[in-house]
Amino acid sequence: MLAAVSPDAAAAGLFPGQRVTDAQALRPDLVLAEAEPEADARALEALADWCVRFSPAVAPDPPDGLFLDIGGVAHLWSGEAEMAADLAARLARDGLTARIAVAGTAGAAWALARSPAAATCPQVLAPGRMEAEPLAPELAGLPLAALRLEPAAVERLSRLGLRRIGQLAALPRGPLAKRFGAGVLLRLDQALGRVPEALAFRRPPTPWFARLDLAEPVSAPEDLARLCRDAALGLCARLEASGRGARRFRLDFHRVDGAPVGLELGLSRPACEPDRLARLFLPRLETLDPGFGIEAVSLQAAEAEVLTPGQADLASLLEPVEGPEALAPLIDRLTARLGPRRVWRSRPLASHVPERSVRRTAALEVAAGPAGGWPAWRPRPLRLLPRPEPLEAVIALTPDEPPRQFRWRRRVHRIHLAEGPERIGAEWWRTGIEAVRTDQVRDYYRVEDQDGARFWVFRSGLHDHDRPVRWWLHGLFG
Amino acid sequence: MDGDRRNRLAALRADIRRLERVAGPVRGRLSLGDPRLDSALGGGLPLGQWHEIGGEGAEAETGAAPAAFAARLAAALLARPDQRGRSAVWILRRDDLFPPGLAGLGLPADRLVGVCARDEDEALAVAEDALASPGVGVVLAEVGAVDLTAGRRLQLACEARGGTGLMLLRRPFGGGAAATTGGTAAATCWRVSPAVSAPGPGGLGLGAPRWRLRLVRSRGGRTGDWRVEAGAGGGEGEADVAHPLRLVAELGDRDLAAPAALSAAG
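Sequence lines, in order, name chains A and B. My numbering puts the first residue of the first sequence at 1, with every later residue one more than the last. My numbering puts the first residue of the second sequence at 1001, with every later residue one more than the last.
This is chain B alone, in the form it adopts within the complex (with noise of 0.2 angstroms):
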């Protein structure tokens, strides 16, 4: 009895593992422009595979932080020499995506394909003919959700040519979230909200946008919730994309998040 229980056990845990290694090789790593968000990560955002990143609060529906952050770390990969000549898939469900903004955040609009999709199927669908599709450094998709077996499709599809997931999850205006099953196939999952930021120099107008980052999952690293602002190059609106993230406050586990850190650091 004893034994047979053992042996079970260990049959369950061989086949968690195998579950587990659904996700491919890791083809390369970005890093997030900090040693302390990349540690996490276990040497900064694995590419080939692909990540979660959704936003909390009204940013659920609006989108906007969790585009910014995702238009940050697209940036930042598109650069990397390895990616050159490639282009940045960005599949929309509503079409109000204004590329000005993206290139304002170091996206630039002619390495950027714009899709407009008719529905969720669709938008998955061709996120998974994206990324195995040679020529494409990143897809970006915004999706309601992403279910077990959708992720597996997309995992398989990273690792036909090595492209990087970045799935956005939105939901639409006054709709309900989508139904969450709990397991995910994406490589790390991401809570991205708004932060306030600090006044510009002369402590006049708008300082650079910064977000707090919730990672929530991320498979070989750890969890964390950090405060960030986009790291910002020598001109006005120049974005530096070498460093995408410039880190801020690291809130560390998010019941020691005091309010009155949080009104500290910002």
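Looking at chain A on its own, in the form it has when it is part of the complex (with noise of 0.2 angstroms):
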């Protein structure tokens, strides 16, 4: 089965869902490929990102379109039809054809999209046309086909000798409902925006967007930089005059050949402070590769909040801000640098099984509830190590007593000091009570050797005779 036919093949008589026999009989000379529509819909993604050059809200239409929204946006380009004059010229040059058009909804432009008159140059319905009565002859003579009806719908419909938009939409709406289905009414309706349309869109669309073409493409990292803050710059003035700040913001380098190159930076507070920004993208700025060159930035913030600053007291304008507020360009800096799993604050958990017992959240996340501790009575020690570490050669008394002597990393510890057991064992409400097992049970110990090293070490399981004690170092009290 052919799955699609390239413009020669269709001019010699070929066309999608022939069989490949039949088309090989018509052709004998042709060449076929495999259909992949997994990484069609890869390339069809891949594309959305990089549309992003020309809006932030991009939906992918699988099998073979997509949507931008482009409200608000058109007049960087000084008008929808120059706009959409520049697409197509970008997307010829990287060898990709494309049927474009520009309409009020998301239905009219993929009805003009699909017109004949599109496969030559761009469709631009101006607005105004989309509301005029009667209906606009650009959508009025389009197929049926063009309102994404299901195929058979549209074939009972032609039965009745409908066969145009303009023919459809002149009919009275209660009977056509009645006949055909709802389905039919709300495609008519989309696609004249008497009904909203929900696009999925790639990333939630945000109103907080700044992009920068430039005339040379630019690859040097100090350009990057400049770029990279001339951005913030005018996205920020507009985030401040708003009174709002963003907590996460993406930056995206388009480059010459196509592929997107993008940053993400995420903030302990909302900020919207463009030369802090530049900061915090500044180190990472080094890790993107510009290939070719960089033809434009864009920068988009999620996540804004009204920003609420506190009156500055006249003692903090002389005393450096202390506090957790003081802390936060610290610890941005560092998360950016280092990324967020490796600047961390911990809490207690309540439970007493060592490795669980501690959680680990945002340097400046507000702690939920009291901000308890751990029990004072319970001694912990200073370092765990990440997994025990078999002792060996342990000199113990059974049943329970602790070492006497035990060898660890090639040095052996007499021990003279030692306090315990505290049986710690596993947390049974956590799983079936059946997989519970007297050999998860650890009998911890305080241990102090000939230097007073002091370490944590515990055996595992309950005695038994016929199983070897094993004895695990855990953990190391300074």
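Calculated from the structure, these hints are not laboratory results. Hints are supplied without guarantee of correctness; some may be wrong.
Said to hold, decoys possible - Quick look at which bits of chain B chain A covers, simulated, 3 or more residues with Cβ under 8 angstroms:
no. : region
1   : 1042-1051
2   : 1065-1075
3   : 1131-1138
4   : 1150-1163
5   : 1185-1195
Unchecked claim - Distance windows between CB atoms, simulated:
no. : chain 1 : residue 1 : chain 2 : residue 2 : range
6   : A       : Gly266    : B       : Arg1013   : 46 to 56 angstroms
7   : A       : Gly262    : B       : Arg1013   : 52 to 62 angstroms
8   : B       : Gly1085   : A       : Glu273    : 20 to 30 angstroms
9   : A       : Arg410    : B       : Asp1119   : 21 to 31 angstroms
10  : B       : Arg1013   : A       : Leu212    : 51 to 61 angstroms
Positions of the beta carbon are idealized from the N, C-alpha and C atoms, including for glycine.
Since each chain comes alone in its own frame, lean on the hints to assemble the complex.
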């Protein structure tokens, strides 16, 4: 079965859906390639990411379409027609054939893009033509298939002699819905803008968007840094004017060869200072590959919140501010440089299992609930090994005496003081009761060796004559 | 010839004085809890400077006793009224710090920010950045070594906001010691090793942790060798942050610290 045909093949009478054997009989020199729908879908998503240079709101429309919400963006190209022409030219340069249409609704744009006229040049339906009564001829003359209807519905309608959108729109709505179902009416209304249509945008549309186009591509790191700052200046001026700050920023550089490269930045507190943003992006700009050059940059902000600046008291103008607010710039710098998982604050978690008694949160996250501590009567080591290490040559009296001597990391430790045991079992309430085994019980001892070094060791499992006793070292006290 | 030589000597001495004055102003001093300890430091641990804390023997690898000593100092420092609202930043290379243990030594987890650096240079760069930031009272960093250049940079960072740095020297497991070039820009250099503790009340269990502290370098002070105990508060496990250390025995000069005196003190 043919999935798609090239223009030459179409001219020779081949069509999608034709059987391969028939096609080969028609043209013995036919060149066949396996259809790869997954790769096509990936390519469409990549193209959607590339289209971010035109608008932040891009929705892929599989198998072969893209919706761009260009509301409020087209003026950057001094008009919708110019913008569409630019898009067409860039796509053509990359070897892609495209049919482009601009209209007031996604449905009308879809229909126009599939009209024969769109094959030669981008179609723009001027605003105001949508509501025209009777329907604008550009739309009215299109076949019903352009309404994104089910093929079965199109066939039923065409049996009644309804072939053009204009004919359908002229019919009374009531009988139409009764006869052909609400789906037909919905698609008609969506195309004509009587019903809103929700598009699944790749990224949530944000009004906080800034972009810069360059006359000449650049690739020097200092140029990228300046671009980043310029984009931040534009966006932050708008944010500040509305009294808002944003927590997430995304910087996209658009390369000449079409591959987008981007950086994400998360802040611990909403901010709108362009210099600070530029400084946070700066160390990571080096990691980007500018390829043959960058020709545009876009910066968008998400999670914008209204900033409520506290009244700066006079003392804080003289003295540097203290407290978590003062720490925020440092935390942001470290998070941007090292990644969010490498900067943390620890919080207690109600669990007696040592590994689970600590929870890591973002360094500036406000603690939920009272910030309790760990029970002071349970001594805990200063260093906890990521996983317990086995002790060798352990001399200990059975059944429950602490070790007298053991070897750990090629050193022999003779124990002269010991404390314990503290028995810690598995958390049986987390799994089924049948999963709990006595060999998961740990008896912890604090021991001190001949030099005064202190260790947290445990014996795993209850005493059992048939099983050798195993000892582990889990932590070190200072 | 003679006068020329004298002039050169005078010039070199002036150079040395200038180099020695790399240290910025001392922003207060932290009492270690015992006048004999404080007097060796010239009145307490100078703040707004950075200090080097190393371990000896196995502690150079595990870094437990030096970390405990540093945690006691950091806890006492954060408890000062002029450090209210400031945090401690602990920079790790190996992610094995356990906050409940630190809480037991008096350093609360909600005033501690943990950072895990990927390499030595990054750890030092983060330490420098943190020291020069507002809202940071003390920076603890686990590094292999601090050379003279890095030390000067740290000192400048300390002067920016009056932060205090505690550099914990720790070498990787099984690895050799980092090459030491001799000079250091640290205000003080400590060597910490565990010491045998006295049994707890009733002769049972473990007593408060004890350390042997060797002060091998102290700018404007004396060196020393002591045996100290973590100053414990009323309740079990509750640390007294106002008096971080309690002096158990003064060992004085290393050569005089005979084994007999050690066991008598223990």
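Are there three or more residues in the region 1150-1163 of chain B whose C-beta lies within less than 8 angstroms of some C-beta in chain A? Coverage by chain A is violated for the region 1150-1163 of chain B (1 residues, Cβ < 8 angstroms).
Checking C-beta pairs, does the region 1042-1051 of chain B have three or more residues closer than 8 angstroms to chain A? violated (count 0)
At the C-beta level, are Arg1013/B and Leu212/A separated by a distance inside 51 to 61 angstroms? Holds: the Cβ-Cβ distance is about 59 angstroms, inside 51 to 61 angstroms.
Proximity test - 8 angstroms, beta-carbon atoms, the region 1185-1195 of chain B to chain A, at least three hits: It holds: at least three residues are needed, and the region 1185-1195 of chain B offers 3 whose Cβ sits within less than 8 angstroms of chain A.
If you check the beta carbons of Gly266/A and Arg1013/B, does the distance land in 46 to 56 angstroms? The hint (46 to 56 angstroms, Cβ to Cβ) holds, given that Gly266/A and Arg1013/B are roughly 54 angstroms apart.
Are at least 3 residues of the region 1065-1075 of chain B within less than 8 angstroms of chain A when you compare beta carbons? holds (count 6)
Chain A over the region 1131-1138 of chain B, status - at least 3 residues with CB closer than 8 angstroms: Coverage by chain A holds for the region 1131-1138 of chain B (4 residues, Cβ < 8 angstroms).
Given the hint of 52 to 62 angstroms, is the C-beta distance from Gly262/A to Arg1013/B inside that range or not? Between Gly262/A and Arg1013/B, where Cβ atoms are some 58 angstroms apart, the hint holds.
Between the beta carbons of Arg410/A and Asp1119/B, is the distance compatible with 21 to 31 angstroms? Holds - the Cβ-Cβ distance for Arg410/A and Asp1119/B, about 27 angstroms, lies within 21 to 31 angstroms.
Using the C-beta atoms of Gly1085/B and Glu273/A, is the stated range 20 to 30 angstroms upheld? About 22 angstroms separates the Cβ atoms of Gly1085/B and Glu273/A, which means 20 to 30 angstroms holds.
Hint compliance for this structure: hints 1 and 4 are broken, all remaining hints hold.
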